[in-house]
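First to last, the sequence lines map onto chains A and B. So for the first sequence, this note's numbering puts the first residue at 2; every next one is plus one. So for the second sequence, this note's numbering puts the first residue at 79; every next one is plus one.
These are computed hints drawn from the structure, not numbers from a lab.
Facing chain B, a subset of chain A residues (Cβ under 10 angstroms, in silico): (1) ARG8; (2) LEU120; (3) LYS127; (4) TRP128; (5) GLY180; (6) TRP199; (7) ASP205; (8) LEU206; (9) LEU215; (10) PRO230; (11) ILE242.
25 angstroms max Cα-Cα, derived SDA-like pairs, lysine to any residue: (12) A:LYS127 / B:ARG326; (13) B:LYS122 / A:ARG115; (14) A:LYS127 / B:THR294; (15) B:LYS252 / B:ASN125; (16) A:LYS127 / B:GLU193; (17) A:LYS127 / B:GLY195; (18) B:LYS115 / B:PHE155; (19) A:LYS127 / B:GLN200; (20) B:LYS115 / A:PRO46; (21) B:LYS122 / A:PRO46; (22) A:LYS127 / B:ASP201; (23) B:LYS115 / B:GLY307; (24) A:LYS127 / B:LEU198; (25) A:LYS127 / A:ASP112; (26) B:LYS115 / B:VAL288.
Covered stretches of chain A, going by a simulated chain B footprint (3 or more residues, C-beta under 8 angstroms): (27) 42 to 55; (28) 185 to 197.
All residues carry an ideal CB built from backbone N, CA and C; glycine is no exception.
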Amino acid sequence: MSDFETRLDDIREEARRRGSVEGPGTRAAGGPMPTAAGAGYYGLPIVKPPVWTWEIPLYLFTGGLAGMAGAIALAAHVAGPPAAETSLVHSALWLAFLGGAVVSPVLLVLDLGRPRRFLHMLRVFKWRSPMSVGAWILFLFGGAVTAALILTEWAVRPGAPTAVDTLRTVAIVVAGILGPALAAYTGVLFGATTIPAWFAHHRDLPFHFGVSGLGSAAAALELLGFRSPALHAIGLGAASIEVLLGALIELRRHGPVDQVLREGTSGRLLRGSALLTGPAALVLRLVGVIPGAAIAFLVGAVLGRYGWLAAGRASGRDPAATLATQRL
Amino acid sequence: MTIGEGSASTNQARHTHVADGVTVGFFTDPTVCIGCKACEVACKEWNHVPAEPTAWAGTSYDHTHALGASTWRHVKFLEQELDPFRWLFLSDVCKHCEHAGCLEACPTGAIVRTEVGSVLVQDDVCNGCGYCVVACPFGVIDRRPDPLPGSGGAFKCTFCYDRQVSGLTPACAKACPTESIQFGPLEEMRSRAHGRVAELEDRGVRDVSVYDPVGTSVGGIHAIFLIPGPPSNWGLPPAPEVPTVRLRAAWTSAILAAALAVAGTFAAFLTT
Chain A
2 MSDFETRLDD IREEARRRGS VEGPGTRAAG GPMPTAAGAG YYGLPIVKPP
52 VWTWEIPLYL FTGGLAGMAG AIALAAHVAG PPAAETSLVH SALWLAFLGG
102 AVVSPVLLVL DLGRPRRFLH MLRVFKWRSP MSVGAWILFL FGGAVTAALI
152 LTEWAVRPGA PTAVDTLRTV AIVVAGILGP ALAAYTGVLF GATTIPAWFA
202 HHRDLPFHFG VSGLGSAAAA LELLGFRSPA LHAIGLGAAS IEVLLGALIE
252 LRRHGPVDQV LREGTSGRLL RGSALLTGPA ALVLRLVGVI PGAAIAFLVG
302 AVLGRYGWLA AGRASGRDPA ATLATQRL
Chain B
79 MTIGEGSAST NQARHTHVAD GVTVGFFTDP TVCIGCKACE VACKEWNHVP
129 AEPTAWAGTS YDHTHALGAS TWRHVKFLEQ ELDPFRWLFL SDVCKHCEHA
179 GCLEACPTGA IVRTEVGSVL VQDDVCNGCG YCVVACPFGV IDRRPDPLPG
229 SGGAFKCTFC YDRQVSGLTP ACAKACPTES IQFGPLEEMR SRAHGRVAEL
279 EDRGVRDVSV YDPVGTSVGG IHAIFLIPGP PSNWGLPPAP EVPTVRLRAA
329 WTSAILAAAL AVAGTFAAFL TT
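Pulled out of the complex, with its shape left as it was, chain A reads as follows:
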């Protein structure tokens, strides 16, 4: 039942109980409709809330994880070549491939209003549109990790030309550079909109999504059985920065705009997420419960992405938030 219908039911109930309906708007207009108090035009939204559904937050998670797995693959490749690190590179590339070249594109296509036209995303390149830049980053990143995996398989075959190994390194470098961009651009995507709770944080969101992606990639690799001091250090760093970002978002006051970050469904999701990726993951890691820390971080990262979309929906629907951001 929509807000409007709920309101209409309230009016009917009041009329049934008291024989008449009172409220601003009823007397002067002579009509039966009381005017509900609300900012702007009868409390109706000024901007449109996002139409995106469950696919987008999940994509923010898988894309962030895959992108940062690419960065880990590059660092491990450069730091190599102990055998353990080589197998870490391989697994990180697989994560990047599954996340960045399989799951993320499928989620993005599913979210389109007209999925069969997904290739229209590559009709043009518009640097002023974060959606366009992001589509190209994802496309190129997916290509790079796919190439890196194919070249890895080829390089171990007897008689493979030495150029294969060079090309593989090039592919890993490209993936390692585009990957972090894939994780962080989503913050620009949300930040460059008219949704108050999003654009108020256009500087924080790229950091938050980037760090969350990095911590998720390290956590996923640890859950796959890799125990390396490097992954542990990344996990510690990501959880620490999440603690700082969480505190920053809690403490900074954007007035009515930030209400959705603390209240309602979006507030619960975001606070739960901040607790899991920040203090919970940090403490579990410090006491040595690595799988626990990894799971806490991953669950928190997923919840956080859903929290930000929910916050965007609530914020877009709230005319008071929109008006609060505008000064004449």
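Based on the hints, put chain B in the right spot on chain A.
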């Protein structure tokens, strides 16, 4: 030019603005609007815009609520408990911004600028990504839900580009019985709007102004309104900003975040 010019007005005359590349505009004046909704109906009929399920507002007599994918003209009803009581109507429409958020956000190039300066969604290109929806500072464009015809795509006012190509006036302006909606070259619309405000002030009307945010990043609009009272009363943002103004700061953050992640990852692997 004054209100109610009849057959001599620019609303009824044929024109060659598309061929001449003249930037055109709407001027919508609620002080002569009678709330008949002929503009909404003419728009729906000409553009084959589907009907939507009725949802009773419960807050006012305006049950259309807002502009959207299937509402390209929307007559707002504003009841105000002033003395004397005031009941006003304003036909809202896509603003066809000078710097349009939807056009900048569109990743497929489906949204374009026409010869007459209007912003047009090419339905055969749009893939329904939904990014324009959150890029519009006025909450105009929206994705049309199932099961309506054309569902999945983003829709908004086309400024009747197809009619204009043939020298016709947009359907809403053509149908408006009081010429509350006027159509013509943008600069003429601007001067008419300011002239109308001056005229009303001469008559002692104090709280009218022209809604045309030229001072913000939107850079002015091609559908100008005369509004009694503050813009927020009408659900119009007082100082709309095109979302791309935040690109520089947001991308700086993203590049820093990406660089930090790469540096941190390298540090972790090379020092441990």
